[in-house]
Amino acid sequence: MKFPVPHDIKAKTIPGTEGWERMYPYQYQFVTDDPQRNQYEKDTFWFYDGLHYPEPLYPFDTIWDEAWYLALSQFNNRIFQVPPVRGVDHRIINGYIYISPVPVKDPDEIGRRVPNFMERAGFYYKNWDALEAKWKVKMEATIAELEALEIPRLPDVEDLSVVTDGIGESKGYHLLKNYDDLINLGIKCWQYHFEFLNLGYAAYVFFMDFTQKLFPSIPMQRVTQMISGIDVIMYRPDDELKELAKKAVALEVDGIVAGHREWDDVRAALGAHRHGAEWLAAFEKARYPWFNISSGTGWFHTDRSWNDNLNIPLDGIQTYIGKLRAGISIDRPMEAVRAERDRITAEYRELIDNDEDRKQFDELLGCAKTVFPYVENHLFYVEHWFHSVFWNKMREVGAIMKEHGMIADVEDIWYLRRDEIKQALWDVVTAWATGVTPRGTATWPAEIEWRKGVMQKFRDWNPPPAIGVAPEVIQEPFTIVLWGVTNNSLSDWAAVQDIGDSGTITELKGFAASPGTVEGRARVCRSAEDIRDLQEGEILVAPTTSPSWAPAFAKIKACITDVGGVMSHAAIVCREYGMPAVVGTGVSTRVIRSGMTLRVDGSSGVISIITS
Amino acid sequence: MGSVISAAALPWAALDSVAPKVCSFDECGKDSVQLVGGKCASLGELINAGVRVPPGFALTTRGYAQFMREAGIQAEVAALLDGLDHEDMDKLEEASHAIREMIESRPLPIELEDLIAEAYRKLSVRCYLPAVPVAVRSSATAEDLPGASFAGQQDTYLWIRGVDDVIHHVRRCISSLYTGRAIAYRMKMGFPHEQVAISVGIQKMANAYTAGVMFTVHPATGDRSVIVIDANFGFGESVVSGEVTPDNFVVNKITLDIITRTISTKELCHTVDLKTQKSIALPVPVERQNIQSITDDEISELAWMAKKIEKHYGRPMDIEWAIDKNLPAGGNIFILQARPETIWSNRQKTTGAASSTSAMDYIVSSLLAGKRLS
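Protein sequence lines correspond, in order, to chains A and B. For the first sequence, our numbering begins at 4 and goes up steadily by one. For the second sequence, our numbering begins at 33 and goes up steadily by one.
Just so you know, these hints were derived from the structure itself, not from any lab. Wrong hints could be hidden among the right ones.
Unchecked claim - Using 25 Å as the maximum straight-line C-alpha spacing, the simulated DSS-like pairs for lysine-lysine come out as follows:
(1) K405(A) <-> K180(A)
(2) K216(A) <-> K339(B)
(3) K340(B) <-> K357(B)
(4) K396(A) <-> K455(A)
(5) K15(A) <-> K45(A)
(6) K216(A) <-> K343(B)
(7) K425(A) <-> K180(A)
(8) K372(A) <-> K141(A)
(9) K362(A) <-> K343(B)
The following block holds chain A by itself, in its conformation from the complex (with noise of 0.2 Å):
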């Protein structure tokens, strides 16, 4: 594969985008006025990191890549030294997010490395559980932190209590250091993300490739079936719309919950019902923490969570209402996706040729079942919950911002870096504490303009899939998982962004997820709101699904999406429900319509437009 030289790339500056570089760190930059840097990056394989950047960065958002370069780079190279690869390096063209694992490339240091790395990851694997353990409390500690923090407004003459109290602090500081305290437990709470996250996914990604040697064609979502059916709490929220569904039939509310369109609607109808305050007391309990779920991955401000939006879940609610008075069950059929995965294991077990593999198979299906809940429940904590509280917290910064006219709307905020707001927040409160204007609020609202026009022109690029010299081997973790993703799939996203007119595609590929053939019209729903407009039995067409999305899969027959792997929420909840999905497209979004018929193979992983 061939694939351009990144230098190259980034000369063609976007016309109109010039100097877009200074919305992002310059670390981030391909440079050519340093040779030796220069030589590196153009001898180095860079790739697209699709699966978590379907959409240019917005500069504030580059805080949560900034988090886990560090992050992860740490753990594999300074913590736990994965024998052959340091971190993962990251640059950044037009806003897309290039990364890039660092090989150690002196065979006698990666010797040296081996026996740190059985210590260290060794020691994970064998107390697991109990780590994990320590994990939960520290990631909820860190939570509790978060949305104790406050953002405290300027007030014109401080609290008495200033000078009674002799506290000699002034709001001011407060303002600046709880902003630094807030990005600090963010960039906290991602050295807890990757804590041991890339050895999960190293007792995954080798499980899959020995199940592979002892079969060569075994389909991977037959691997993951062998680590399906284990509780976590994934799906913990979905779980709690279920269960108000059922509370709201057995109280007799249900007619008027699922009677309103809008939230606001169904609590004032509410409370003219005898049962309604206590069915809303339950809705109230279950908010907390399971309604801090995003809509989309939780990586963007642009991801908001059922709380923020109180509409999605109750669609949700409404959803499983229809299926209960239907007299259909709504209970996810656990026990039969635990015998499936049994029988399915004990087939592939059986037909293993000799003792030796067999109990090499036992042994890392064993440790890959052991890692399986935190490789999932990590989403919860940091992507949905923590990232929830978050983005409001950083929304409370807007608003000041925007009272001092530093920015003209509270969503303005994103278009600035994190270093640049802690600046102006120093302008702020200098101006304040003075009692002059500040700087800021001439310069910032004309430059966040500018910026908005940059990164409508970032939108409508297409980033080449990977840029630079490809190499022979791979041997980080994390970008295994998704160069499993890029590779398989390079050359049909190409393919398809090849073609000009999209009108004329008539077949798209993606993984094949979830087994199963169906035929049926088509459903793009770009948010999560989206979903309330999806009719029964439709193929749901989305960029990715997130927990948040649970209940769209009780009314669909098939899922397809533009970004994730045989291990995507959308893959494992379609393999639960039995019906096929096809996820890491590229462009399903863009190419289907909906109302097109659809045929959807979750066996090959072709979808086919039959009729538009």
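Fit chain B to the given chain A structure using the hints.
Frame of chain A, contents of chain B only:
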């Protein structure tokens, strides 16, 4: 059926007095190889394992021996072969020609003719067809001998109708035991000709709309978790002989779903010429050449049957099948042949699993090896 199977276990000399000369496939089993040869024994074994196999019957090795003896062939063959050199192919071919002409021209003993005619009549009645079309195929006793493969050395004749034609092709099958190649091979391997025996199977022809082969192990990778199916329109001959590139399907053995499908351009198929009632090769009409020759449901059912057959035999299998166009779905898929797969079964698969089987060791060694990009 019990008596036949136990008879087969008797020493060869004792067979003569006890065993039947003609017997139905369902009276055979895997222990009947000495009596009815490998092919018929395996068909009987399949029937008794509950697999749908077109019915039929066999002229047994005892019947064969009677023919060779009473038609006076045995002695003449011995005389014709006496003093031949297995490397002198010209002489061998000459002798072969004489022997085969002799066999094909001598009448069967009346008793055998009657037995075959009666079995054929019963088969026709059973199939609700007057003069049921049959495949006449040789079934050698030496097929499965370790170190000696006679497989594929004898002939099969398709779409044979009527007693006279059946009997004629029975003789042709028997004579195919004496091709120059077969004679040379036996001489080279040191098998006395008089100890070689053959049985002939007479099996209802599946009027195949589609037919082919399947393996319960991936022939290219040795993957035991898949069933690989090759299919083409018409009889299976075009697939077995390699005359066409068939449609190819890889099916997951555990879940029976189709993992990959490759639809090929199929330019040729074997079918029966309705005028002459003979099997012929015909071009596939252009508009059908790139159409999938078998439905997904049929693929699943075939795979299910293959899985059952493999389980019965306890080892990877190589299977011939056909889908009958005259019968309704649900009862129209037939297994024509099943034999143990030999290539992968004899090869020890290696995974690279180290001597230690701990997960940690595997993960470390895999990390060191990394993932190769294609």
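Consistency of the hints with the structure:
no., hint, in the structure
1, K405(A) <-> K180(A), "holds (19 Å)"
2, K216(A) <-> K339(B), "holds (22 Å)"
3, K340(B) <-> K357(B), "holds (23 Å)"
4, K396(A) <-> K455(A), "holds (22 Å)"
5, K15(A) <-> K45(A), "holds (16 Å)"
6, K216(A) <-> K343(B), "holds (23 Å)"
7, K425(A) <-> K180(A), "holds (10 Å)"
8, K372(A) <-> K141(A), "holds (23 Å)"
9, K362(A) <-> K343(B), "holds (23 Å)"
When each numbered hint is compared with the structure, no violation occurs for any of them.
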